[in-house]
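Peer 1: Going line by line, the protein sequences match chains A and B.
Using our numbering, the first residue of the first sequence is number 14, and each one after it goes up by one.
Using our numbering, the first residue of the second sequence is number 22, and each one after it goes up by one.
Accuracy of the hints is not assured; some may be wrong.
As the list claims (entries may be wrong) - The list that follows gives simulated cross-link-like pairs (lysine to aspartate or glutamate, EDC-like), each with its CA atoms no further than 16 Å apart:
(1) K119(A) <-> D100(A)
(2) K503(A) <-> D613(B)
(3) K552(B) <-> D255(A)
(4) K60(A) <-> D537(B)
(5) K339(B) <-> D391(B)
(6) K206(A) <-> D613(B)
(7) K339(B) <-> D537(B)
(8) K368(B) <-> D87(A)
(9) K264(A) <-> E101(B)
(10) K460(A) <-> E505(B)
(11) K460(A) <-> D613(B)
(12) K308(A) <-> E389(A)
(13) K379(A) <-> D537(B)
(14) K460(A) <-> E67(B)
(15) K547(A) <-> D577(A)
As the list claims (entries may be wrong) - Just some of the chain A residues that point at chain B, by a computed CB distance under 8 Å:
(16) N502
(17) A504
(18) E555
Quick caveat, the hints were computed from the structure, so don't treat them as lab data.
Note that the structure is a prediction, hence the values are computed from the model and not measured.
A virtual CB, placed ideally from N, CA and C, is assigned to each residue, including glycine.
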Amino acid sequence: MILLLLFQLSLLAGDADAIIRESRHFTFIDAARGRLTVKEHVKVLNKEGRDYGHSVIYYNKFIRVRNIKSTLTDASGKVVSTLRSRDITDQSATGGSNLIDDSRVKYFEMSHDVYPYVVETEYQLDFSGMLGLPSWTPGYSRAAIEQASYTIDVPSTVPIQFAHRNIDIEPTEVKMGNRTIYTWEVRDMPVLKRESSGPPWAEVAPYLVVSARDFRISGKQGSLESWSSLGLWINELWKGRDALPQAEIDKVKALIADASTQSEKVRRIYSYLQKNTRYVSIQLGIGGWQTEEAKHTVSTKYGDCKALTNYMMAMLRAVGIEAYPALINLGNGVDVMADIPNNRFNHVVLFVPMDGDSLFLECTSKDYPMGYLGLENAGKNSLIVYPTGGQLVKSPTLRREENQQYRTGTISLDVNGNASASFNTLYTGYQHDDVRSIDTRLTPREKDQAVRRRIAVPRFDLNGFVLRSSPDSAKATLDLELTLPTYANKAGNRLIFQPNVLEQRRFTLNSTVERTQPVRFLYTYLDRDELRFKLPASHKIESLPAPVEVDMPFATFRAEYVDDGDVIIYRRYLEIKEDAIPVESYEDYRQFVNTMVQSDQSRVVLIMK
Amino acid sequence: MNRFVFITWMCFFAGAGHVAQAQSDRFLFGRVSAEDFSVRETPLDENANVLILMNYGEVYLNNNSELVYVVQTRMRILNENGLIEANQGYGFNPKYSRSRRQFVDAHTLNIDDNGRIKKTRVGRNGIFIENVNEDHTSVRIAFPDVKVGSIIEFIYSINIDGYFRFPTWDIQRDYPILHSEFITFIPNNLVYMMVSNGFATMEKQEQFPYRHASRMGIYLPDEGGTMTHFISKNVPALYEEPFITTMSDYRAALQFQLNATNHYYSSNREVLSNWKDLTTELLKNKFFGERIRTSPEVVQELASIGLADTASALDKAKAIYSHVAMSFNRTGHFDYFPDVSTSDLLKTRSGNNAAIAFGLLNMLQQAGLDAHPVLLSQRQHGRVVWEYPLVSQFNHMVVQLSIGSQTWLLDPVSEEVPFGLLSFPSLNKEGYLVKEPGIIRIPLNPRQKSREDVAANIVLRLDGSAAIDFEIRSSSHAGMVERETLSSTTFEAYSDFVLRHIPQIEDISRELVNVDNPNEPLIHKGTLVSKNMLDPTGELFLMRPSILLRWDDNPLVSPTRTYPVNFGVEIEQNILIKIDIPSEFTIESLPDTKQTRVGQDAYFQSSFVAQGNMVHATYRYRIQKSEMSRGDYSALRALISDMVDIHSQAIVLRRTDS
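Based on the sequences and whatever the hints tell you, model everything.
Peer 2: Below is the structure:
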């Protein structure tokens, strides 16, 4: 009998630390109200699976958590513990850069020390304001799903739209009286593994997004019938909040009085915004979507992305330049699904139509050059909010030619292998972000440490450095003056050194684990190095590494060594052409990396004359 | 006495009835002068984004028997990066303190176009109060109209129930402070003891009798008392450094503890006792001493382990420890008191660190072994001020086991911690043995060094590939670290990372031994083929022998150091590599032997010996003191650089048959 009660660990378990059954049932009451009932049955198989028995329930001003119940039973079916209200921690979930917001979380841990055990949990979330229906992500990195379902129960008169990503799934549709019940179900879903240099979770995890046509929050009625209607709703929320005090209008007009082009006008106003405001995130209630009034931002000189974007928009409009908010989903690897209108945006930038290339402005940055959006806003679905409605467009992204690192250097070696070196490196595009941050956001002490961390040489003295970041373009430079004690290793009457000083890749990729996911880069790029080594008069070249050239569809690598008398010139070229390398090409990629690492570690041998 | 700590007893007697006039008027709230705006930088620190012109604190007792803590801070924004500090805040525990919105005031001060000082008050919509959780309420202030050169200033008060939770005054903060001032108004019937922590110099420390008022103009009870006035000037910012216990050990601060009460209606009462009395109290305490006892559940749990009657005391102790370390769900909360009794722990299988330590203690005692509780403050919790006999200074409990003349400290915080070894966070100088009568303070030194022994045989082949067998033994704390790493990843990923310096691995066969037995060294061993061990360069071939050295970067980045370097443990690494070179090659040259020392406390050496076509490479690394002084920092940094530099060494070979 006990054996019968023990868990039947099916093949599904595989690498899983837990096996999950869950159901989510959402009852649509009206455009503002609904109830989500969640029931979870988690078999925790081992210590690593314990987290799946814990619950984290997020809520906010528009969501009330009710009727939380949880019970833990052991393998024999005996109840070991039952959740008590004092076991539940309730706390703020204000996080990241927010000064304050409405997010809160309830969490509790149901655990046992004898495996396996089962945690059964249920709770309800009552919604009193909605901008869309709850989404569903049935997939876990260390747990398998035996069975999971998501049900939406809506009046038959309420049309819904849905779209899915990373899973091919269609709902069953049942009419019951005047309501329609849609059910999506998955069964026997194995663990979703994470692999090194693999795609971000959002590109792997199953995701279902569902929208009802109408929504209402804080009494503001809107429609998700189309991207245009969503844009109209945002526009309505923002309408009339771009008025500026006359003194501020006068100031802006004076600022651009002698500017001859529209681009120059925008640049000056953007620079004024950057210089005179700071980013402070306050997201309370409808304030999560509605901007602060521009005149308020003028007086406080701070604001969140909405307030600063609105202020910038107000200044541009005050001098007759068109500009519109553009909603976006900030973050690497996450984007809003374009398939159906939905509101999964978490950020806003400003769109400025121009005669030539139109501009997107990141108004929360104090140091970006005009038109530079940074990597986390790049290539994203962005909803431009026109007074006539919203339009979904892709935000711009930089090409690999624009993401460069170009380094030149001179290294003088002495008879003992010591070296003095100077390097000049130009960074552009997304490659310049870190250097700009170091230059503009750190104290002298922090800059010194950050620069030292970029120097991948075991022993060096940093004699000086100069950082510069361009105010007008996505470029930054770093000049270094170094002493490199015993850079060349002495081995008898030889000196041995690695000509690749600063751009070292040390670790090869082994074929010990089967690859199942593509390799992903955040962006494509180009690196070039040209270093000149002045040899000591006492030594001559005994041997140089052979040149290397590998050209693959996804990347190119070259290294060459030129004997120029008492100087060796080392040139290195790396071009990453694709930001994703499919699994089928992984072996090629592995060989490519290994060849590059071997080349990067190649050494020159000098011998005493 | 600890070199960072001095003690001042503040015994307050009836005063002569003065009104305290603590501070110059220029520090009154909002009384900012043009001189304040002229301060552009501080000679203290060229790195500062913000300069705190003045930080003032005051504590007095009101008629509701509350400690009232008033803080006023005035700071100047020196550059663009300092604007982030234009959001300020503070917090309190709502269970025993309150801060009302009307007692928060804040403003921004600027010089306007006419050279006048312009004040912009923070309105109600710029002050945000958030109940973070039941133990913490946060107040955040967003200052308006702030630009480079602005002065921001805020004042708040917190009312704290009773006399016991006297606020700590941080003299030092993350930014330099020109003027730090703290005033205490202590009535005659209370006696507090003060400890000063850190390095700041006290420019002024004076006492006066008082009758009625504080600087803030709030009338105090008529009983009278003593005002104590502390001033420090030009206090440098506190900067974090790696390899440290916790920065709070070094932050300049004044800490207070109530020592005695002296009410007219009752006899004098000592509040702060001595360690001996504290031990007696603790052992009688319902939630501590009374929980050191057996129960049917303890007997049953012990029986489930199946100790053999013939087992030695040490074997019994090891079996009980292993059982406890492997069992129970840990809540993750650290405290010196158990959150549940041992009976409840054994029923629910869940408890905090102290509950599990009590479970171990009770089982050991039930088995007839001599075991006692030891309280300690973990590294991140800060050092213990032994001058305060206060149990609240501790946040963790371990068990002292004695068999014959030998003692062990048992720390069952996870299954990775071996018998007789403390977990890394527990390695914080001294612990408090709760046993009477006896020695109170016991050292928390690790019983063994953190040790790693690596051996590898490399058989080079003519085509440049090599067959390699390797064995890595990680003992004591090194074993703990490896097991913890393994618990969060797969063995393959872990092994790949350990072997990351070996180029192009193929045909690998590897295993882990003793992974579930922390009392034995963790052994990671195997065989593999490296497809490309030789780097051809012209007619020569280079081979890098450092393939199993794991130091990739020097973590001691900064060329200077303010605080000691604390490793927590002594460290020993021995790496022996044997390289068998085919006879078709001759050895042209070997890397020079190197040795770097830091006095007698640390060394690293690498040596290479050829015997025919066999090369023996040896690397030895020792840190022989768990904490090294700042004076040793440069030498230590150079030593680690030498270790990292080993990866650039090469054996030079020449092919003789071509």
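Peer 1: Evaluate each hint against the coordinates.
Peer 2: Status of each hint after checking the structure:
1. K119(A) <-> D100(A): 10 Å, holds
2. K503(A) <-> D613(B): 6 Å, holds
3. K552(B) <-> D255(A): The hint is violated at about 66 Å.
4. K60(A) <-> D537(B): 13 Å, holds
5. K339(B) <-> D391(B): 13 Å, holds
6. K206(A) <-> D613(B): Outside the cut-off at roughly 46 Å; violated.
7. K339(B) <-> D537(B): Given pair K339(B), D537(B) holds - Cα atoms ~14 Å apart, limit 16 Å.
8. K368(B) <-> D87(A): Distance of about 13 Å is within 16 Å: holds.
9. K264(A) <-> E101(B): 22 Å, violated
10. K460(A) <-> E505(B): 33 Å, violated
11. K460(A) <-> D613(B): Cα-Cα ~36 Å, so violated.
12. K308(A) <-> E389(A): 29 Å, violated
13. K379(A) <-> D537(B): 52 Å, violated
14. K460(A) <-> E67(B): Judged against 16 Å, a Cα distance of about 12 Å means the pair holds.
15. K547(A) <-> D577(A): Within the cut-off at roughly 10 Å; holds.
16. N502: 5 Å, holds
17. A504: Where the cut-off is 8 Å and the nearest Cβ of chain B is about 4 Å from A504(A), the hint holds.
18. E555: Cβ of E555(A) sits 7 Å from chain B, so the hint holds.
Checked against the numbered hints above, the structure violates hints 3, 6, 9, 10, 11, 12, 13; every other hint is satisfied.
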